[in-house]
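Going by the numbering used here, the residue at position 47 of the sequence shown is 57; the numbering climbs one at a time, nothing skipped.
Simulated from the structure, these hints should not be mistaken for lab results. Quick caveat: nothing in here was measured; it's all calculated off a predicted structure. Each hint should be verified, as a subset may be incorrect.
Quick list of in silico lysine-lysine cross-link-like pairs, DSSO-like style, CA-CA up to 30 Å [to be verified]: (1) 59 with 98; (2) 89 with 100; (3) 113 with 138; (4) 45 with 20; (5) 100 with 44; (6) 98 with 108; (7) 14 with 53; (8) 113 with 89; (9) 45 with 14; (10) 108 with 132; (11) 20 with 53; (12) 59 with 89; (13) 133 with 53; (14) 89 with 108; (15) 45 with 89; (16) 109 with 14; (17) 98 with 109; (18) 113 with 100; (19) 98 with 113; (20) 105 with 53; (21) 45 with 59; (22) 105 with 89; (23) 20 with 89; (24) 14 with 138; (25) 44 with 20; (26) 44 with 14; (27) 89 with 133; (28) 98 with 14; (29) 89 with 109; (30) 59 with 14.
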Amino acid sequence: MEYKDYSNQKMVNVTCDFCGREMECPEEILETSKKHMCSTCFKNIDSFKDQDIGEVHVDMNNDEIDEIVAENIANELTKQAFSLMWSKEKNRLRKMSKKEMSKEVFAAGIYMGIQALFESVKKDEDIKALK
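Taking the hints into account, I'd like the entire structure generated from these sequences.
Quick look at the structure:
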């Protein structure tokens, strides 16, 4: 993912709207963000599911973003996909040993990861071809 570098921007002090912690925000972000969230609250985003988190500035360095976003997406997709998969496959899965089931689920995860990588590369190539 690409991120805008705000390191040379004027920073202003703001307060996390979710826990009250002091944090910094690039001045230009103030115009587009309605709320501010510190990295600690973002890491625990499930705690704020009932709150409006649209148009939120999240204070975090670029090194943290990829890992946290990937983890949150993986957790959400797991919740959604597991119930669908379980309803279709529960009888077959119940007959498997724990080792067999673990192996099957692990292989499915690897397959889905590789498919997502291929789709991402293809989209990237399609975008470059349009330029």
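Tested hints:
With a CA separation close to 28 Å, the supplied pair residue 59 and residue 98 stays within the 30 Å bound. Proximity of residue 89 to residue 100 is assessed by CA-CA distance (about 16 Å); at most 30 Å being required, the pair is judged to hold. Straight-line distance between C-alpha atoms of residue 113 and residue 138 comes to about 38 Å, which puts the hinted pair past the 30 Å bound. With a C-alpha separation of about 18 Å, the suggested pairing of residue 45 with residue 20 holds against the 30 Å cut-off.
For the suggested pair residue 100 and residue 44, the alpha carbons sit about 44 Å apart, so the restraint of at most 30 Å is broken. With a C-alpha separation of about 18 Å, the suggested pairing of residue 98 with residue 108 holds against the 30 Å cut-off. Distance restraint check for residue 14 and residue 53: the Cα-Cα separation of roughly 21 Å lies within the 30 Å cut-off, and the hinted pair is therefore satisfied. The straight-line distance between the Cα atoms of residue 113 and residue 89 is roughly 19 Å, inside the 30 Å bound, and the hint therefore holds.
Between the alpha carbons of residue 45 and residue 14 the distance comes to roughly 19 Å, so the proposed pair stays at or under 30 Å and holds. In summary, the hint linking residue 108 to residue 132 is not supported, as the alpha carbons are separated by about 36 Å, beyond the 30 Å threshold. Between residue 20 and residue 53 the CA atoms are separated by roughly 25 Å; this keeps the pair inside 30 Å, and the hint holds. Restraint check for residue 59 and residue 89: the C-alpha separation of about 14 Å stays at or below 30 Å, so the hint holds.
Among the hinted pairs, residue 133 with residue 53 is consistent with the structure: their alpha-carbon atoms are about 29 Å apart, no more than 30 Å. Taking the CA atoms of residue 89 and residue 108, the gap is near 20 Å; set against the 30 Å cutoff, the hint holds. A C-alpha spacing of about 27 Å is found between residue 45 and residue 89, which places the hinted pair at or below 30 Å, so the restraint holds. The hinted pair formed by residue 109 and residue 14 fails the criterion: a straight-line CA distance of about 45 Å is larger than 30 Å.
The suggested pairing of residue 98 with residue 109 holds, with an alpha-carbon distance near 20 Å, which does not exceed 30 Å. Straight-line distance between C-alpha atoms of residue 113 and residue 100 comes to about 16 Å, which keeps the hinted pair within the 30 Å bound. Note on residue 98 and residue 113: the hinted pairing holds, with a Cα-Cα distance of about 18 Å set against a maximum of 30 Å. Between residue 105 and residue 53 the CA atoms are separated by roughly 37 Å; this puts the pair beyond 30 Å, and the hint is violated.
At most 30 Å may separate the alpha-carbon atoms for a hinted pair to count; residue 45 and residue 59 meet this at roughly 15 Å. Between residue 105 and residue 89 the alpha-carbon distance is near 22 Å, which keeps this suggested pair within the 30 Å criterion. Simply put, residue 20 and residue 89 have alpha-carbon atoms about 40 Å apart, too far for the 30 Å limit, and the pair is violated. Between residue 14 and residue 138 the CA atoms are separated by roughly 20 Å; this keeps the pair inside 30 Å, and the hint holds.
For the given pair, residue 44 sits about 19 Å from residue 20 by alpha-carbon distance, which is consistent with the 30 Å threshold. Pair hint residue 44 plus residue 14 holds up; C-alpha atoms about 19 Å apart against a cutoff of 30 Å. This hinted pair checks out: residue 89 and residue 133 have alpha carbons roughly 26 Å apart, not beyond 30 Å. Of the supplied pair hints, the one linking residue 98 and residue 14 is violated, its CA atoms being roughly 43 Å apart against a limit of 30 Å.
Of the supplied pair hints, the one linking residue 89 and residue 109 holds, its CA atoms being roughly 22 Å apart against a limit of 30 Å. Between residue 59 and residue 14, the direct Cα distance comes to roughly 26 Å. Compliance with the 30 Å bound is thereby established for this hinted pair.
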